[in-house]
Every structure is written in C-alpha cells, then in structure tokens.
Amino acid sequence: MKKKVGIYICQCGPNIADNVDIDKIIESVSAFNDADDLEIVAKPYGLLCSGEGKDYLKQEIEENGLTHLVIGACSPRDHNNTFIGVCKETSLNPYLYKLINIREHCAWIIHDKDKATEKAIQYIRGGLRRVLYQSELFENKLDTNPDVLVIGGGIAGIEAALSLADADRQVFLIEKTDRLGGKAATFKTVLPKQQDAVEAIQLKIQTVQDHPHIQVMLNTRLDRIIGFLGNFEAEVRSIDDAEKMTELKIGAMVVASGFSLYDASTHPDFIFSGDDEVYTALQIEQMIAEKNQVTTRSGKAPKSVAMIHCVGREEVGYCSQICCNAMIKLAARFKTQSPDTTVKVFFRDLCLPHQDDQAFYNEIKAQGVEFVRVNRIATEGSQIKFTTMDENEGSELFDMVVLAPAMIPADGTPDLATKLGISLHETGFFQEAHQAINPVATATDGIFIVGTAHGPRGIQATLLQAQAAASKIRVQLIPGEQIVPEVRVSETLEAFCMGCKTCLEVCHYGAIVFDEDKGISVVKEAVCRGCGNCVGSCPSGAIQLKHFTNPQLYQEMIEAVQ
Amino acid sequence: MGKTFNPKITAFLCKWCSYTGADLAGTSRLQYPTAIIPIKVMCSSRVDPVFLIRAFLKGADGVLIGGCHPGDCHYESGNYHTRRRFAILQSIFDSLNLEKDRLRLSWISASEGPKFARVCNEFTDKIQKMGPNPTRKNMFI
Ligand SMILES: Cc1cc2nc3c(=O)[nH]c(=O)nc-3n(C[C@H](O)[C@H](O)[C@H](O)COP(=O)(O)OP(=O)(O)OC[C@H]3O[C@@H](n4cnc5c(N)ncnc54)[C@H](O)[C@@H]3O)c2cc1C
Ligand code: SF4
Ligand code: SF4
Ligand code: SF4
Ligand code: FES
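Taken in sequence, the protein lines are chains A and B.
Letter by letter, the first sequence follows residues 0 to 561 of numbering that gives the first Met the number 0.
Letter by letter, the second sequence follows residues 0 to 140 of numbering that gives the first Met the number 0.
These are computed hints drawn from the structure, not numbers from a lab.
On a predicted model such as this, the values are computed, not experimentally measured, just so you know.
Among the hints, erroneous ones may be present.
[Said to hold, decoys possible] As a list, the in silico DSS-like pairs of lysine-lysine whose alpha-carbon atoms are at most 27 Å apart:
{"hint": "1", "chain 1": "A", "residue 1": "LYS2", "chain 2": "B", "residue 2": "LYS39"}
{"hint": "2", "chain 1": "A", "residue 1": "LYS114", "chain 2": "A", "residue 2": "LYS187"}
{"hint": "3", "chain 1": "A", "residue 1": "LYS114", "chain 2": "B", "residue 2": "LYS39"}
[To be verified] Chain B stretches covered by chain A per the calculated footprint, using a threshold of three residues with CB under 8 Å from any CB of chain A:
{"hint": "4", "stretch": "25-32"}
{"hint": "5", "stretch": "82-96"}
{"hint": "6", "stretch": "99-110"}
{"hint": "7", "stretch": "121-128"}
Cβ coordinates follow ideal geometry from the N, Cα and C atoms, glycine included.
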C-alpha cells in the first residue's frame with residue numbers, strides 16, 4: 000500500500016526556528032526515498048501545540064490522507080499527549096505517529112546552527128524510518144470492579160475502609176484477630192499532647208461495623224490473590240475453621256497489617272523475666288485502658304518509674320518516630336496519677352517532630368519529670384545501670400521500668416508480601432512504589448500500603464496515608480468506567496521460544512507465565528508494564544515489546560550511525 | 000585522512016530518568032556535541048546485547064546506554080539487569096576483538112542535566128580520539 004508520511008516541523012516561535020534551519024530540514028526529508036511507494040509531505044509551522052496548530056494538523060492528516068505522521072518539535076514530556084490527542088480525533092492511529100525532539104536535543108545544545116541542523120535532519124530521518132515500521136495498536140477497554148479488600152483492621156485499615164465505603168464502594172475488611180482497632184484502640188489518650196481520642200476511635204470502629212458497604216471478616220487471613228488492577232480475585236480463609244474459604248472479587252487492595260514491637264528480652268542489655276516490674280509502653284497503655292491506673296504486679300502504685308527510650312533502635316537500624324512522644328505521654332500520665340512519683344526518662348536522642356511536641360515536653364519537665372541523657376544503659380530486673388554522655392556512671396533501683404521497644408514489621412509480613420507479590424524494604428516493612436514520589440502505591444498497580452505496615456509512624460500520619468490510598472483508588476477505579484491497559488506490552492513469539500524461563504525470572508511484575516502444555520512462556524498483557532526487560536533477557540529473541548520492536552529501534556539507529 | 004572525523008554515537012536512554020535528564024540539559028542550554036543521537040526506550044533493560052553488537056557491525060562509533068541510578072529504576076530492578084548484561088557484553092566485545100571502550104553505561108537521573116552534558120562531552124571526546132570504528136570495514140556479513 001502506498002504510504003504517505005506527513006512531516007511537520009514546529010518553529011516554536013524563535014526557540015527552534017532561530018537555532019536550526021527548518022527549510023533545510025524540509026528539503027532534506029522531502030528528498031528521502033529509501034522506501035518504496037512512499038510519498039512525503041513536509042511543512043514548517045509556527046506553533047503546533049496551539050489551538051490553531053492542532054486544527055491545522057487535523058486538517059493536514061485528513062486532507063492529505065496521511066498514513067503516518069512525524070512531528071519535529073519539543074520534548075515528548077511537553078506535547079506528546081497533545082499530538083496523540085490530535086491523532087485520536089482523526090482517522091490516524093496514534094501509534095503511527097512519532098515525535099522527534101529537535102528543541103531540547105538540537106536547537107538548545109549548540110550555538111552552531113549548521114551542526115544543530117545536521118543533527119536535527121539525522122534525528123528526524125531516523126524518526127521517519129521508524130514510523131514506517133510502526134504498527135497500529137488498539138487500546139482495549141476493560142470492565143473494572145470498584146470493590147476493595149482491606150487487610151488489617153487497625154486504625155489504618157479502618158480509615159481506608161471508611162473513606163472508600165462512604166464513597167459507596169463495597170469494602171471487605173479482613174482482620175486476623177477477633178477485634179477491630181489494632182493498637183490504637185487501647186490508648187486512653189493520644190498524641191499530640193494528651194488528647195482524649197477514645198470516643199473518636201470507638202466511633203470509627205462502630206461505624207465500620209454498622210456500615211452497609213463494609214463487610215468485616217474477623218479471624219480471617221488472606222490465602223492467595225490473582226489478577227491485576229480492576230480485576231483481582233482473592234481467597235480468604237477463616238483462621239478458626241480452615242474449611243471456611245471465601246472468594247472475593249475486587250479491583251484493588253489496601254494492606255494495613257500494622258506493626259509489632261521489638262522483643263526487648265532478646266537484647267543482652269535488658270535482663271528481665273515476666274515477674275519483674277519491667278513493662279513495654281504498650282503494656283502500660285493496655286493497663287491504663289483496662290483499669291484506668293498503673294500499678295505494679297503487687298497492685299501498688301509505683302513511687303519511682305524509669306522510662307527507657309530507643310530499646311533496640313541500634314539493632315533494627317532506624318528511629319521509630321513515635322516512641323519518644325508516646326513515652327512522654329506516659330510520663331505525664333504517671334505524674335497525673337500521683338504528682339510525687341519520681342519519673343526519670345533515660346534517652347539518648349529525643350525525637351520531637353510535631354509542632355506541639357516541644358511545648359508538651361517543656362510542660363512535663365516543669366512538672367518534675369527528669370530527663371537523663373545516657374550513652375549506655377542496661378537493666379537487670381528494675382535495677383538500672385547507665386553511663387551518661389559525660390561518662391559518669393550511675394545505678395538506681397526503681398519500682399517500675401517502662402521500655403520503648405522499636406516498632407518492627409507485624410508478624411507474618413514476609414508471608415503476606417509473598418502472597419501479594421510485593422516487595423519489602425530492607426527494614427522488613429512493605430516497600431512503596433517510590434519513596435518520595437509515590438509513597439502509598441506499590442510496584443503492583445492496585446495494591447496500596449498504609450499505616451505502620453509501611454514503617455513506624457503515629458496515628459495522624461497513618462490516617463493521612465489511609466485517606467490518600469482511598470482517594471487514589473477512587474480515582475483509578477470509577478464504577479462503570481473501563482480502564483485502558485497499556486498496549487505497548489510484550490508478547491512472546493511461539494516459534495522462537497525455547498522455554499528456558501529466563502524471562503520469568505527477570506520480570507519484576509510476574510507478568511510472564513509458563514504454558515506447560517506448549518512448553519513456552521506467555522505474557523499476561525494486562526499485568527505487563529512494558530519495560531522490555533524480558534526482551535533484553537531472552538537468549539533467542541523470542542519476545543517483542545510492541546512499539547519498541549527490534550526492527551523499529553533498528554531503523555531509528557541505522558540513520559544515526561550511517 | 001584529510002577530513003575531520005565526525006563520530007556517530009547512539010544513545011539508548013530510558014524514558015524516566017536519562018531521557019528526562021537529557022531534556023534538562025537542553026532546557027538549561029548546556030552545550031555538548033551533536034554526535035550523539037538519542038533513542039528513547041522505556042527502560043535501559045530493554046536494550047539487548049545482540050542489538051548493540053549489530054549497531055557496531057553497522058558502523059556505530061560508540062554506544063551509550065543511559066538509565067536511572069541503581070535503586071531508582073521506574074520498573075524497580077530493570078537497571079540491575081542492564082548492569083549485568085552490560086558486563087557480559089563487555090566480555091563478549093573482548094572475545095570478539097571489538098573495542099569495548101566504545102561502549103558506555105551511565106546512570107543519569109531526571110535532574111542530572113549537567114551530568115548528561117558532561118557524559119556526552121567526555122564520551123564524544125574519547126571516541127574522537129579512538130577514531131572511526133574499524134569493525135565497519137573489517138567485517139563482511
Ligand atoms: C506504646 C505506643 C504508644 C503510642 N501512642 C501513640 C499516640 O499517642 N499517638 C499516635 O498518634 N500514635 C501512637 N502510637 C502509634 C500507633 O500505635 C500507630 O500509629 C497505630 O496503631 C498504627 O495503626 P495501624 O493500623 O497501622 O497498625 P496496628 O494498630 O498494628 O493494626 C494492624 C491490624 O492489622 C491486623 N493484622 C496484622 N496482620 C494481618 C494479616 N496478615 N491479616 C489480617 N489482619 C492483620 C492486626 O491484628 C491489627 O489489628 C503509639 C505506639 C506505641 C507502640
Ligand atoms: S509544539 Fe512544542 S515545539 Fe511546537 S510550539 Fe508547542 S512547545 Fe514549541
Ligand atoms: S526467555 Fe525467551 S526463550 Fe526463554 S522462555 Fe522466555 S521467551 Fe522463551
Ligand atoms: S515488558 Fe517488563 S513487565 Fe512486561 S513482561 Fe516483559 S519484563 Fe515483564
Ligand atoms: S526506567 Fe530508567 S533504567 Fe529502568
């Protein structure tokens with residue numbers, strides 16, 4: 000069939016026109032005759048991205064009956080989508096168009112206009128060769144399921160479930176214990192300062208339980224998932240009754256499995272048994288929640304309390320962010336219980352990140368809580384030995400010792416990660432898609448991580464993440480709307496594949512499966528992200544990435560090296 | 000040779016980091032030679048070694064691969080695979096008696112416009128000194 004390629008060179012005001020000789024480009028590309036049955040229409044234009052520019056392009060495509068389109072203009076980051084949009088409004092398949100960036104890569108990198116022009120010509124001719132080898136691709140629309148599975152019924156999971164259910168999404172909330180609320184449900188007061196949050200948290204729990212769009216499944220764990228964004232299938236199983244399996248169809252998942260605490264008894268410097276007056280801060284919180292006061296094992300109010308920060312921090316290798324404040328909160332609580340209690344806080348570094356923290360710290364110091372900065376500290380029961388920063392040694396016996404162990408990943412986190420096919424950070428918490436840019440998503444589209452499953456943090460930051468993930472899901476999966484999966488995906492060529500499975504190993508997304516019957520690998524298009532790693536790995540050239548095929552790249556390259 | 004040698008260099012740049020870094024070099028009006036023609040790929044791991052050998056046999060004087068810094072690949076682990084394949088490719092070059100210095104792998108982030116310009120300057124300079132790719136006239140295939 001006769002091919003008719005339109006090549007349009009944008010002047011971009013003076014940006015391109017001043018630094019490359021557009022007429023020369025037009026002249027050179029018009030003379031291109033390396034392909035049979037080829038007709039070239041090459042023209043300059045002022046501002047192609049303007050309203051008039053776009054109309055002009057549409058008109059040119061239709062009137063000339065263009066079969067392919069090459070645009071020499073700016074960075075694809077600026078206007079690739081603009082021109083794809085133009086194609087979509089015409090009869091030209093957008094995958095038969097190619098943008099060549101002669102602004103950032105030619106006009107702006109050298110003052111020598113001849114050289115810039117020469118490069119632009121070569122670059123555009125490469126684009127022209129490539130576009131002749133491009134194929135039409137058709138974007139398929141897929142129905143999606145807007146329902147969501149939330150794993151973990153702590154404050155993180157609760158907030159995510161509510162934010163989704165209030166927007167009329169059906170939510171399945173699975174919790175491995177027999178109650179909702181996680182750790183936060185046990186706190187009498189919460190930071191910042193000492194706010195009463197019991198009612199607010201209880202209200203959230205109650206709302207989840209009564210919500211018409213939330214199905215709470217207690218004593219339940221995840222067995223397996225398959226699928227992709229918009230179309231996951233999950234199997235969940237009752238922990239009490241292994242026979243009881245439920246299959247759920249959902250479009251996205253929120254992982255909110257929370258945290259555990261570092262086991263201080265494994266630390267050589269902290270020697271204590273269950274009979275000693277040594278407690279974790281969380282146990283004190285629970286005690287307060289249960290009987291509204293703190294007592295020793297013999298039932299008496301402690302007259303002296305030592306509070307030890309950062310237990311296991313060196314071992315885990317990070318700061319748990321919230322424990323200093325949580326400890327200060329408890330120190331204040333001891334003072335409220337009985338103002339003449341001796342409360343000594345042993346710390347090495349204090350982390351007071353919230354804007355109200357400093358004032359609260361000053362306030363409780365004024366109430367007589369003593370802060371001792373130590374270099375080393377060890378306990379034997381409630382006898383404490385320490386070395387201060389200026390190397391003075393001390394030894395003191397207390398009625399009660401409260402430890403702040405580091406926050407660590409919840410039990411079962413590695414297993415859950417394997418089931419979900421998502422990765423863990425080196426600290427063992429779930430890994431986000433991008434630490435700075437994409438903090439609640441994971442490498443797998445449709446799976447989000449929120450709260451302390453993602454790393455140590457307080458309730459406020461946990462809720463923010465839960466709300467963020469919920470709103471991402473609300474945007475990505477709109478009921479009744481279909482999604483357009485990436486079409487520039489890989490495919491295996493049956494005849495060439497020798498079944499070595501190398502590609503299965505390199506694909507980070509598990510997008511390739513092995514067809515045992517045929518003995519070949521097959522790409523699951525809906526899961527493939529189109530990176531092309533498998534193409535680079537295949538020893539027999541049996542995989543091709545659509546729109547980035549070897550012939551296409553070869554054409555682009557050949558012009559560059561000739 | 001009376002004529003000055005204008006090297007032909009192809010740069011495979013991943014869309015997410017190095018291509019964006021290259022854009023930034025342009026936006027910042029950093030100056031570098033025009034010998035390098037960029038080819039955009041989604042990830043540096045798309046570049047397969049056999050393809051690069053073909054580039055050399057076709058006469059490329061140099062090939063640059065640009066990817067995200069280790070740990071920053073948009074597809075998580077792609078560039079680790081690139082690094083491994085690149086090492087293998089270098090040893091293949093050795094055993095084929097091709098000059099492996101004509102290959103370069105660089106990690107260039109989206110914000111490293113200056114690094115992109117520097118790499119282009121250095122690499123062009125180096126290839127200029129090495130002279131034209133001898134493989135082109137020696138190989139008959
Ligand atoms: C002593 C102490 C005091 C604190 N005080 C404060 C404070 O005053 N203010 C503040 O903002 N923060 C405080 N924090 C931090 C606060 O506890 C956390 O930010 C909050 O609890 C995080 O909630 P979450 O839902 O992420 O995790 P969690 O509370 O750990 O909840 C996780 C839930 O998921 C369930 N689960 C785990 N794995 C699975 C699985 N595989 N399948 C199903 N369910 C699973 C668990 O059973 C649990 O119910 C304190 C922390 C400690 C240790
Ligand atoms: S399309 Fe790009 S090159 Fe053309 S005017 Fe717009 S910004 Fe400038
Ligand atoms: S790497 Fe290539 S040959 Fe090996 S299984 Fe995958 S597609 Fe087949
Ligand atoms: S292109 Fe990337 S995501 Fe797709 S199958 Fe290959 S390696 Fe996996
Ligand atoms: S996306 Fe840049 S190297 Fe993979």
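Hints breached by this structure: Hints 2, 5, 6, 7 not satisfied by this model.
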